[in-house]
Amino acid sequence: MAAAGAGSGYRKELVDLAHGQVSREIFVSDAIYAEEQERLFARAWLFVGHESQVPKPGDFFVSGMGEESVILCRDRVGALRVFLNSCRHRGMKVCRYDEGNTPVFTCPYHGWSYATDGKLVGVPYFREAYHGELDRAQWGLVEVAQLSNYKGAVFATWDPAAPPFEEYLGEFARYLDLTLDSWDGEGEVEVLGGVQKWLIPCNWKFPAENFCGDSYHNISHRSVDLVGIGPSGSGRRDMRERLMARRLQVSFYERGHQTGVYVLPQGEATPPAYAHSPVVSDYFRQCEARRRQKHGEWGRVIGSPGELFPNTALHPRQPRTIAVWHPRGAHQTECWRWYFVDKAAPQEVKDFLRDYYIRYSGPAGMTEQDDMENWNYAHAASRGVIARRHPYSYEQGQGYEIENYEYQGLRVPGTVMDITEAKSSEHNLRNLYRRWAEFMAAESWDALATWRRGDDGMARAAE
Amino acid sequence: MSELVNTRELTPGMQIVLVDGAVVEVVSNPLDGVWVFARYLSSPADPARIGSEEMIFAQDIAEIRAAP
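So the sequences go chain by chain: S and P. Every letter in the first sequence is one number past the one before it in the working numbering, and letter 261, counting from 1, is 269. Every letter in the second sequence is one number past the one before it in the working numbering, and letter 13, counting from 1, is 22.
Mixed in with the good hints there might be a few duds.
In silico contact screen, one side only, chain S against chain P (beta carbon under 7 angstroms); selected entries [what the hints assert, rightly or not]: (1) G108; (2) P111; (3) S121.
No lab work stands behind these hints, which were simulated from the structure alone. Just so it is clear, CB atoms sit at the ideal spot from N, CA and C, and this is done for glycine as well.
Let the sequences and hints guide you as you build the complete structure.
Right, dumping it as structure tokens:
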């Protein structure tokens with residue numbers, strides 16, 4: 009299937025929202041994958057890392073943006089920077105360590121060397137071979153067009169025309185805060201330990217879709233729930249919330265972000281968790297009390313997995329983590345997972361969470377292993393010429409979306425699907441592919457930033 | 010020709026002789042195996058460099074100068 013130059017027909021052909029169908033081609037086509045690199049990953053805001061990973065001048069952390077290797081570093085004067093990890097002379101990586109501290113990034117190929125502000129400061133035989141004439145100011149490391157430090161989380165984009173990060177977020181910021189704020193909503197968070205990195209044989213959109221709030225696949229985790237790996241020792245980690253709260257899927261049509269949330273009834277306290285450890289349980293009980301006090305009615309909102317478009321997954325609670333699905337070809341994804349804890353939390357809390365987090369998520373986490381089995385086999389079984397003729401179904405809950413959703417005096421931003429009784433919906437998944445199709449079709453941010461024109465989001469949803 | 014100098018073993022305060030005969034004192038070492046930061050103590054080819062601090066390319070290092 010040809011992807012190039014598809015224009016407005018592109019979306020209709022591959023992402024048919026009117027019928028709730030998405031072509032398998034967008035997962036398995038090498039041509040579409042190649043086009044995604046230019047149209048999505050070169051234009052969207054992407055998560056790079058957390059400021060707590062580079063606290064001192066000269067600290068660096070090698071990350072990724074789409075297929076590109078990038079260096080997140082703090083320069084000599086303390087400013088955060090993100091550079092393409094590629095020498096301007098012949099393209100060699102100028103940094104091949106995962107993290108560390110350095111005054112310069114030196115290319116091992118011919119020796120060009122760059123300061124932590126990206127300036128080219130070392131050129132072998134500058135006087136002799138270049139006769140002192142190379143304009144070093146023109147040959148610094150390639151820097152991202154825009155960088156945002158949002159509550160310690162560093163996001164960047166290659167596109168100078170992209171809207172500022174907070175505009176890119178819109179009201180979704182309130183949901184992102186559920187992952188980035190400390191548990192009491194007042195302190196700072198930090199990355200716990202290192203970043204987990206592993207490869208899986210599937211397209212990056214399989215995990216992305218899963219973390220949009222796909223609750224339909226919970227049957228896959230039944231064995232984990234039976235084992236009782238939850239932080240309270242039995243059942244699902246969020247069973248108490250499920251029994252007492254409204255369970256919602258929330259989409260932002262114009263932004264492509266989506267998440268699940270629970271909204272507690274008015275006057276109801278956040279249910280206890282982490283009963284395995286009195287110290288941890290007490291810590292969270294106190295945090296929740298302060299959070300409710302600080303946020304008022306908004307404190308009734310409890311986070312659940314979500315996805316910041318296009319490839320940053322949010323898991324605000326039990327465990328608290330961000331994952332990035334780095335594309336590595338149409339048929340492979342490199343998963344990176346950061347875990348967060350409150351900086352000021354007692355060591356016993358951090359230790360308990362470390363054990364729970366790695367038991368739950370990541371390559372060795374019992375829950376994520378279930379997920380990977382599904383993604384990997386689904387991808388493999390969708391590559392054949394016969395399989396590719398048949399689209400996937402995304403019809404759940406279509407037509408039951410609610411604008412201006414309110415529950416007991418609390419307005420919930422975004423377009424909502426209440427799945428308390430319905431149990432499941434593909435509302436958020438459709439939103440991911442809606443935005444994906446828009447990015448793939450749009451020629452510029454003028455076409456993508458529809459909120460600047462005051463377009464009607466519901467009209468687009470009904471399309 | 011003297012032994013090839015391992016730049017990773019150069020520490021601040023050490024003096025090195027460059028292939029053009031200049032003598033520099035190591036100020037800091039990024040340990041990248043390619044460069045050291047150093048201050049010129051002498052420079053027969055260009056006396057104007059004396060006192061200036063520059064990045065010295067490993068291939069330009071001739072030998073470590075013995076302590077006086």
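Here's how the hints hold up against the structure:
Annotation: G108(S) was flagged as interfacial toward chain P, and the flag is violated, the nearest CB pair being 10 angstroms apart, outside 7 angstroms. Among the interface hints, the one on P111(S) holds; its C-beta lies about 5 angstroms from the nearest C-beta in chain P, closer than the 7 angstroms criterion. The closest approach between the C-beta of S121(S) and any C-beta of chain P is roughly 6 angstroms, which is under the 7 angstroms cut-off, so the hint is satisfied.
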